[in-house]
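Same order as they appear, the protein sequences are chains P and C.
Taking UniProt numbering, the leading residue of the first sequence gets 1, the next gets one more, and so forth.
Taking UniProt numbering, the leading residue of the second sequence gets 1, the next gets one more, and so forth.
Mixed in with the good hints, there may be bad ones.
[Stated by the list, open to error] List time: in silico BS3-like cross-link candidates among lysine-lysine, alpha-carbon distance up to 27 Å:
hint : chain 1 : residue 1 : chain 2 : residue 2
1    : P       : K115      : C       : K26
2    : P       : K16       : C       : K310
3    : C       : K26       : P       : K132
4    : C       : K26       : P       : K130
5    : P       : K71       : C       : K310
No lab work stands behind these hints: they were computed from the structure.
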Amino acid sequence: MEEVIRAENLTKVFNKNIIAVDHINFSVYEGEIFGFLGPNGAGKTTTINMLTTVLKPTEGTASILGFDIVKQANEVRKVIGVVPQEYTADEDLTGYENIMLCADLYGVPRDIARKRALELLELVNLIEFKDKRVETYSGGMRRRLELACGLINRPKILFLDEPTLGLDVQTRAAIWDYIRHLKEEYDMTIFMTTHYLEEADALCNRIAIIDHGKIIANGSPNELKDSLGGDIITITIKENADVTDIISSIEKVKEVKKENNTYRIKAESGEVTAPIIIEALRQKGYTILRLSVSEPTLNEVYLEYTGRAIRDTEESKESIITQRIILRRARGR
Amino acid sequence: MSPKTNECHPSFIRGLWALTYRELKKWLNDPIMLIMFILQPLIWMGLLGKSLNIQGLFSAGNINLPPQIPIPGSAIIYPPGVSQVILNGTWFSQLFANMGINIMQRTFGVTDYFSYMAIGMVSMIVVTATMFSGMSIVWDRRLGFLDKVISTPVSRATIIFSKILNSTLRAMFQASVILALAYILGLQLSSNFTIINIIGIYAAIFLLSTGLSSIFLAVSIRATRMERPMQIVNLIIMPLMFSSNIFFPISMMPEWLQPIASANPLTYLTDAIRQLTILPLDISALIIDFIYLSVFAIILAIIGIVLSWKYLVK
Chain P
1 MEEVIRAENL TKVFNKNIIA VDHINFSVYE GEIFGFLGPN GAGKTTTINM LTTVLKPTEG
61 TASILGFDIV KQANEVRKVI GVVPQEYTAD EDLTGYENIM LCADLYGVPR DIARKRALEL
121 LELVNLIEFK DKRVETYSGG MRRRLELACG LINRPKILFL DEPTLGLDVQ TRAAIWDYIR
181 HLKEEYDMTI FMTTHYLEEA DALCNRIAII DHGKIIANGS PNELKDSLGG DIITITIKEN
241 ADVTDIISSI EKVKEVKKEN NTYRIKAESG EVTAPIIIEA LRQKGYTILR LSVSEPTLNE
301 VYLEYTGRAI RDTEESKESI ITQRIILRRA RGR
Chain C
1 MSPKTNECHP SFIRGLWALT YRELKKWLND PIMLIMFILQ PLIWMGLLGK SLNIQGLFSA
61 GNINLPPQIP IPGSAIIYPP GVSQVILNGT WFSQLFANMG INIMQRTFGV TDYFSYMAIG
121 MVSMIVVTAT MFSGMSIVWD RRLGFLDKVI STPVSRATII FSKILNSTLR AMFQASVILA
181 LAYILGLQLS SNFTIINIIG IYAAIFLLST GLSSIFLAVS IRATRMERPM QIVNLIIMPL
241 MFSSNIFFPI SMMPEWLQPI ASANPLTYLT DAIRQLTILP LDISALIIDF IYLSVFAIIL
301 AIIGIVLSWK YLVK
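Please model the entire structure based on the sequences and the hints provided.
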């Protein structure tokens, strides 16, 4: 697989003392959806701003399709599409006018731009609203328009910053479908940030967990979950006997906890291991009453690596808000 | 993979027009703001310009001497044989009125104050229009639009120039409206006013608004909220107006204020427009006005563009 984004020691320090992104290294390969997962203020947007040439890194660099983000910023800008987390479409213009504005900024030839704008509006199901002003659009419609705008130059790499921020659950799932569909249609690599675990899980081929400006873990969602020691298998047997030894002798079983006749087993690839356990117990003449296999969620992964749940904002809400305000100010907002 | 993936040819002119068109469209979509902007100088012009009826002070009706004025014996040494002198009051009233016209002419260059002041209001709208329209960049930044534009291959210069062009076009448009309204309300054009003068007026407005909007762009591009540039504008506009020849000629100002007023670019814009509309054209004065406005525009545009550039390429 070809490497399309490569970050080396990428660092951004605001106002000489606020380290937003701290010497991060990562690679993104062609055709994948790579996600940056982390809480607000972790440095996700700052990273995306550096990769999309909005901000200059303080230290280190990154290359996009071989173009350096600082020295060849203009080349980078031509091959990427950017969908920021804010709604940037102009409310006073129509959807179509907004896309054409983007086309003008990218310098897409007019005849191609007109055709493409209609095609994109069709793809995101906004064609019947194309001549309506954006101020009449709903949140989901605006997000779809932003997606369409980000694709007007047929980017090879699309950057999505919090693509479903603030949307309700159904709209969010719909946006995910659009993203998947557009990726297939245009054969792109996607770099996205999110602080929704479900989103990272549903969309990303690979994830980097970022916290306090550092990448603390990365891999596919399944690898990350596996790194916790695998799935949880829960078995209840009929007999009042201790079968801990039988179970723990099986390969891939990491940990067994007994509670009356119920065993909580931590094992790698639970779907495969569970039948082996059943087989072993049956051979010894035990009767299995109940069995369940559950995968660890990204939430547990997140908890493991950052030491706090992503939604556990109660104790750290204030610090996150403060951090966010600081970062926003530092970014000059 | 599509072979046509990358045919981006960002051009300065196309980007400039796209960004300027966007702003003009936003602005035209908001007729209430447009009316508010024009209303303010219109009120100044209509109320202050008409109520400060300075030429009326000197009119024959206002002086109103009795037709016959007997001079008492003590005021004059009569020649022998004459016991009383009676002056023709009507004649004296007329004399004073003529002196009044002369004073108006020497002070304001025109005989009616409204014409003088209306042109001042044209300058005022140029200043307010440029200052306020520069602030749209604060919104662009807060809404993330600016970051998005920066991530496109359009050049940074395009972004800066589109803002300046937008302010300048707005200033020109609003100035045209005010001039037209002033004409309807009784502005007296000089006899040598021609269509060519209009080009001169636009050139002068273009110079001042380019300079002012560049510097205001540099101020507001760094502002995190709307309030800051607003306060700066409000703070600056009043002293800028009163230390210029918008309301009153510099020659009548106290001595300490005269050098300030002579440095005020508004003075030169106002004078240039007055030369081109109501005054008997004084070519040398007009040339000085244009030289000053050009130097002012060039210096401020350079400072403003350099500062904005530095900020955009952060």
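Hints, verified against the model:
1. P:K115 / C:K26: Holds - the C-alpha atoms of K26 of chain C and K115 of chain P are around 25 Å apart, at most 27 Å.
2. P:K16 / C:K310: holds (18 Å)
3. C:K26 / P:K132: Holds - the C-alpha atoms of K132 of chain P and K26 of chain C are around 14 Å apart, at most 27 Å.
4. C:K26 / P:K130: The hint holds at about 17 Å.
5. P:K71 / C:K310: Holds, at roughly 17 Å.
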